[in-house]
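Asker: Given next are the chains, with one letter for each unit.
Number of protein chains: 2
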Amino acid sequence: MDNPIFTHRSIRKYKGEAIPSEVLRRVLEAGTRASNTGNMQVYSIIVTTDPALKEELSPAHFNQPMVRQAPALLTFCADIHRFSLWCEQRGARPEYDNFLWYVNAAIDAMLAAQNVMLEAEANGLGICVLGTTTYMADKITETLKLPRGVIPVTSIVMGYPDEAPPLTDRLPLEAVVHADTYHDYTPERIDALWAEREASEETKNLLAINDLTNLARIFTEKRYPGRDNIAFSKAYFETLKRQGFWND
Amino acid sequence: MDNPIFTHRSIRKYKGEAIPSEVLRRVLEAGTRASNTGNMQVYSIIVTTDPALKEELSPAHFNQPMVRQAPALLTFCADIHRFSLWCEQRGARPEYDNFLWYVNAAIDAMLAAQNVMLEAEANGLGICVLGTTTYMADKITETLKLPRGVIPVTSIVMGYPDEAPPLTDRLPLEAVVHADTYHDYTPERIDALWAEREASEETKNLLAINDLTNLARIFTEKRYPGRDNIAFSKAYFETLKRQGFWND
Numbered sequence: 001m002d003n004p005i006f007t008h009r010s011i012r013k014y015k016g017e018a019i020p021s022e023v024l025r026r027v028l029e030a031g032t033r034a035s036n037t038g039n040m041q042v043y044s045i046i047v048t049t050d051p052a053l054k055e056e057l058s059p060a061h062f063n064q065p066m067v068r069q070a071p072a073l074l075t076f077c078a079d080i081h082r083f084s085l086w087c088e089q090r091g092a093r094p095e096y097d098n099f100l101w102y103v104n105a106a107i108d109a110m111l112a113a114q115n116v117m118l119e120a121e122a123n124g125l126g127i128c129v130l131g132t133t134t135y136m137a138d139k140i141t142e143t144l145k146l147p148r149g150v151i152p153v154t155s156i157v158m159g160y161p162d163e164a165p166p167l168t169d170r171l172p173l174e175a176v177v178h179a180d181t182y183h184d185y186t187p188e189r190i191d192a193l194w195a196e197r198e199a200s201e202e203t204k205n206l207l208a209i210n211d212l213t214n215l216a217r218i219f220t221e222k223r224y225p226g227r228d229n230i231a232f233s234k235a236y237f238e239t240l241k242r243q244g245f246w247n248d
Numbered sequence: 001m002d003n004p005i006f007t008h009r010s011i012r013k014y015k016g017e018a019i020p021s022e023v024l025r026r027v028l029e030a031g032t033r034a035s036n037t038g039n040m041q042v043y044s045i046i047v048t049t050d051p052a053l054k055e056e057l058s059p060a061h062f063n064q065p066m067v068r069q070a071p072a073l074l075t076f077c078a079d080i081h082r083f084s085l086w087c088e089q090r091g092a093r094p095e096y097d098n099f100l101w102y103v104n105a106a107i108d109a110m111l112a113a114q115n116v117m118l119e120a121e122a123n124g125l126g127i128c129v130l131g132t133t134t135y136m137a138d139k140i141t142e143t144l145k146l147p148r149g150v151i152p153v154t155s156i157v158m159g160y161p162d163e164a165p166p167l168t169d170r171l172p173l174e175a176v177v178h179a180d181t182y183h184d185y186t187p188e189r190i191d192a193l194w195a196e197r198e199a200s201e202e203t204k205n206l207l208a209i210n211d212l213t214n215l216a217r218i219f220t221e222k223r224y225p226g227r228d229n230i231a232f233s234k235a236y237f238e239t240l241k242r243q244g245f246w247n248d
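In order, the protein sequence lines correspond to chains A and B.
Residue numbers are given in our numbering: position 5 of the first sequence equals residue 5, and the series is strictly consecutive.
Residue numbers are given in our numbering: position 27 of the second sequence equals residue 27, and the series is strictly consecutive.
Mixed in with the good hints, there may be bad ones.
Intra- or inter-copy, both count: the list cannot distinguish identical chains.
Listed below are the simulated SDA-like cross-link pairs for lysine to any residue, each with C-alpha atoms no more than 20 Å apart in a straight line [to be verified]: (1) K139 / F62; (2) K139 / T32; (3) K204 / P65; (4) K139 / E55; (5) K145 / I218; (6) K145 / P187; (7) K145 / T7; (8) K204 / R90; (9) K13 / E238; (10) K234 / W246; (11) K222 / E88; (12) K15 / P166; (13) K234 / G244; (14) K145 / A175; (15) K145 / P166; (16) K139 / M66; (17) K222 / G244; (18) K241 / D162.
Hints listed in this document are in silico derivations from the structure and should not be mistaken for laboratory results.
Could you build all of it, start to finish, from the sequences and the hints given here?
Answerer: What follows is the structure in structure tokens.
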């Protein structure tokens, strides 16, 4: 078996086949083996397989077809609620309703998520991360009936792949790794790091389709424009406060 | 080779031996293969091996001895700076200086971190996550010379293990997994989920050492008391604003 770390591809087309319960269980167990804050496991994983619920969640994920098509949608949540309930039940006073614990709990959720994704792939499943989770977290919170103390951080779809896409390119390793301290980038280095991607056939096609002069503008004008970033920032921060991760 | 997902232990004692550069490179490459937001790779990994710098960072990590002892300290940062530089250099207008992109970039950083940890373990290395990273992020930011647009999210120490601790217990899988929607916990269920841990020898020893009546109080009164949570929340949020991840 190849190491799934080095063969990961995002899968956007799935077969109808359900995930056998013993496979799903092993994949979820993998999530729980990840490092987590103080072994408090301040996260929850909501595994949605009910077609009506996936349908209801679909608009929150911008109607990406894979949300309906994949047999399972997993929502990874920061969760201080369960641990706080236990504390209260033992006469201890939990004070995790603050920003630090949003970050701690989100870290726990993400480390578990990556283990789940890798073990899924090791078992022949495909996955795709849905970056849309933070955009409409309020709608997801409502549909998944998340109580105060729980907020979605990311979601993945999971199922048996019905496509075999190539490996995605990455920036050279030197782009993201710094020795000892941060070494800022000169304009020449920025050019060099993006050179291969900018010269690729994929980029040429994207520019033709979008009628834009360079790849950076596809990101700033089409994919992640400023007005959306600001609107989604406000909305997610409101959800974070409403769900009890803020303490003025 | 066992699947490192299921054999992970946090290592707190390390041999002096350095990590061979080809091993370190493979481990870091593993990080870059993780899913990331729009393939923008909005994270950086600072690999600190210089003993003087590790010494300087040690107080920010509460002087945990492994920070000095392990040959490498890796700081995973949310980084919108590099991508924004590239956009500006192409005449595109980056608008990632907001909370949404803190969350997106932190997610990228954490998914990469988990891949790095697993690939390290697959190569005979040990790791331990340092939850202290968010506590004194301002000090770390200064020492690592992080520019605006870059903030630490988590750190790990890495090196060859000089101990072989047992696997850590986890709550039953049912504690963290919910079918379809969130199912809130009854008091009876909370009792059942924590029963095994509360009855363990480890818990009995902890209670004796701390002179406390139950395990929950060790968390709320000793490990993560409210006053610390609130102070660290404020400090990290200030760092987040200062580093350019906030837009009122």
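Asker: Kindly indicate which numbered hints from before are broken by the structure, ordering the numbers from low to high.
Answerer: 2, 3, 5, 7, 9, 15, 17 and 18
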